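S.K.: Now for the letters of each chain:
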Amino acid sequence: DTAVSQTPKYLVTQMGNDKSIKCEQNLGHDTMYWYKQDSKKFLKIMFSYNNKELIINETVPNRFSPKSPDKAHLNLHINSLELGDSAVYFCASSQHPGQSSGANVLTFGAGSRLTVL
Amino acid sequence: DAKTTQPPSMDCAEGRAANLPCNHSTISGNEYVYWYRQIHSQGPQYIIHGLKNNETNEMASLIITEDRKSSTLILPHATLRDTAVYYCIVRVLLRGSQGNLIFGKGTKLSVKP
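Line by line, the protein sequences give chains A and B.
FYI, the numbering for the first sequence is 1 to 117, going by the numbering used here.
FYI, the numbering for the second sequence is 1 to 113, going by the numbering used here.
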């Protein structure tokens, strides 16, 4: 199936731990994103990468470090987890056809629910 | 980007058309209107987008008023599986900001049997 897949789907961990969430897309898209949905259900972009290059970094703490080994993968590593990091994290991808309106057509993954205790 | 206003919730009977309004009175000429939805516990799903002409695809129709200050997403025959939060997003295309979508609170559509 063509899709954006992210693992794990659920992650429960203690404060202070380091964890990673992996994301892969097989859509042939050039751009990948991480979005965060907090407990109030607001969705907000964290990062975007185009062909392994960081494009957007939205005031995210340095504890969050995205890694893009190739354009089909964008992993999110979080150091020293805090209670406030509890949220659902969504990976997404899109084509990057210059200024085409399709650049804002994103395909999202199913989400990874992170719970920090 | 222009701000959007949507009703917080709406109900629709199964099989009937669901008409979801969105107000974007401060929209500028180069801003597109995008619609996404999020079914419970799933990732957001793209539905449709347009600039000034009405658009239709296999999921929905998008009607944009002539002055572009408001739009309506139409699901022609709503099913129970269309129950979701629907987001209207207005976005300009700026180099380096592609894909940076601003999600508001959306409209929670409940389709009832």
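Be aware that a few hints might be false.
To be clear about the criterion: a stretch of chain B counts as covered by chain A if any three or more of its residues have a C-beta under 8 Å from a C-beta of chain A, and this derived list gives those stretches [unchecked claim]:
#1 52–61
#2 66–76
The list that follows gives simulated cross-link-like pairs (lysine-lysine, DSBU-like), each with its CA atoms no further than 35 Å apart [as the list claims (entries may be wrong)]:
#3 B:Lys105 to B:Lys3
#4 A:Lys52 to B:Lys112
#5 A:Lys19 to B:Lys112
#6 B:Lys105 to A:Lys44
#7 A:Lys44 to A:Lys22
#8 B:Lys112 to B:Lys52
#9 B:Lys112 to A:Lys9
#10 A:Lys22 to B:Lys69
#11 A:Lys71 to B:Lys112
#12 A:Lys22 to B:Lys108
#13 A:Lys40 to A:Lys67
#14 B:Lys112 to B:Lys3
#15 A:Lys67 to B:Lys112
#16 A:Lys40 to A:Lys52
#17 B:Lys105 to B:Lys69
#18 B:Lys69 to B:Lys108
#19 B:Lys69 to A:Lys9
#20 B:Lys3 to A:Lys22
Just so you know, these hints were derived from the structure itself, not from any lab.
Remember, predicted model here, so these are calculated numbers, not experimental data.
Glycine included, C-beta positions come from ideal geometry on N, C-alpha and C.
S.K.: So, for every hint listed, does it hold in this structure?
M.R.: We went through each hint and held it up to the structure:
Counting residues of the region 52–61 of chain B whose beta carbon lies closer than 8 Å to any beta carbon of chain A gives 0, which falls below the threshold of three, so the coverage claim is violated. Counting residues of the region 66–76 of chain B whose beta carbon lies closer than 8 Å to any beta carbon of chain A gives 0, which falls short of the minimum of three for the stated coverage. A threshold of 35 Å between alpha carbons decides the hint, and for lysine 105 of chain B with lysine 3 of chain B the separation of about 12 Å falls inside it, so the pair holds. For the given pair, lysine 52 of chain A sits about 45 Å from lysine 112 of chain B by alpha-carbon distance, which is inconsistent with the 35 Å threshold.
Taking the CA atoms of lysine 19 of chain A and lysine 112 of chain B, the gap is near 41 Å; set against the 35 Å cutoff, the hint is violated. Our distance criterion of 35 Å between C-alpha atoms is met by lysine 105 of chain B and lysine 44 of chain A, whose separation comes to about 12 Å. Among the hinted pairs, lysine 44 of chain A with lysine 22 of chain A is consistent with the structure: their alpha-carbon atoms are about 18 Å apart, no more than 35 Å. In summary, the hint linking lysine 112 of chain B to lysine 52 of chain B is supported, as the alpha carbons are separated by about 32 Å, within the 35 Å threshold.
Of the pairs offered as hints, the one joining lysine 112 of chain B and lysine 9 of chain A holds, with about 30 Å between alpha carbons and a cut-off of 35 Å not exceeded. Taken as a hint, the lysine 22 of chain A and lysine 69 of chain B pair is broken in the structure, with Cα atoms around 40 Å apart against an allowance of 35 Å. For the proposed pair lysine 71 of chain A and lysine 112 of chain B, the alpha carbon gap of about 42 Å is over 35 Å, so the pair is violated. A C-alpha spacing of about 30 Å is found between lysine 22 of chain A and lysine 108 of chain B, which places the hinted pair at or below 35 Å, so the restraint holds.
For the hint pairing lysine 40 of chain A with lysine 67 of chain A, the CA-to-CA distance comes to about 27 Å; that is within 35 Å, so the pair holds. Using a Cα cut-off of 35 Å, the hinted pair lysine 112 of chain B and lysine 3 of chain B holds, with the two alpha carbons roughly 30 Å apart. The hinted pair formed by lysine 67 of chain A and lysine 112 of chain B fails the criterion: a straight-line CA distance of about 44 Å is larger than 35 Å. For a cut-off of 35 Å, the pair hint linking lysine 40 of chain A to lysine 52 of chain A stands: about 31 Å separates their Cα positions.
Proximity of lysine 105 of chain B to lysine 69 of chain B is assessed by CA-CA distance (about 19 Å); at most 35 Å being required, the pair is judged to hold. Straight-line distance between C-alpha atoms of lysine 69 of chain B and lysine 108 of chain B comes to about 22 Å, which keeps the hinted pair within the 35 Å bound. In summary, the hint linking lysine 69 of chain B to lysine 9 of chain A is not supported, as the alpha carbons are separated by about 39 Å, beyond the 35 Å threshold. The straight-line distance between the Cα atoms of lysine 3 of chain B and lysine 22 of chain A is roughly 33 Å, inside the 35 Å bound, and the hint therefore holds.
Consistency with the previously given hints fails for numbers 1, 2, 4, 5, 10, 11, 15, 19, ordered from lowest to highest.
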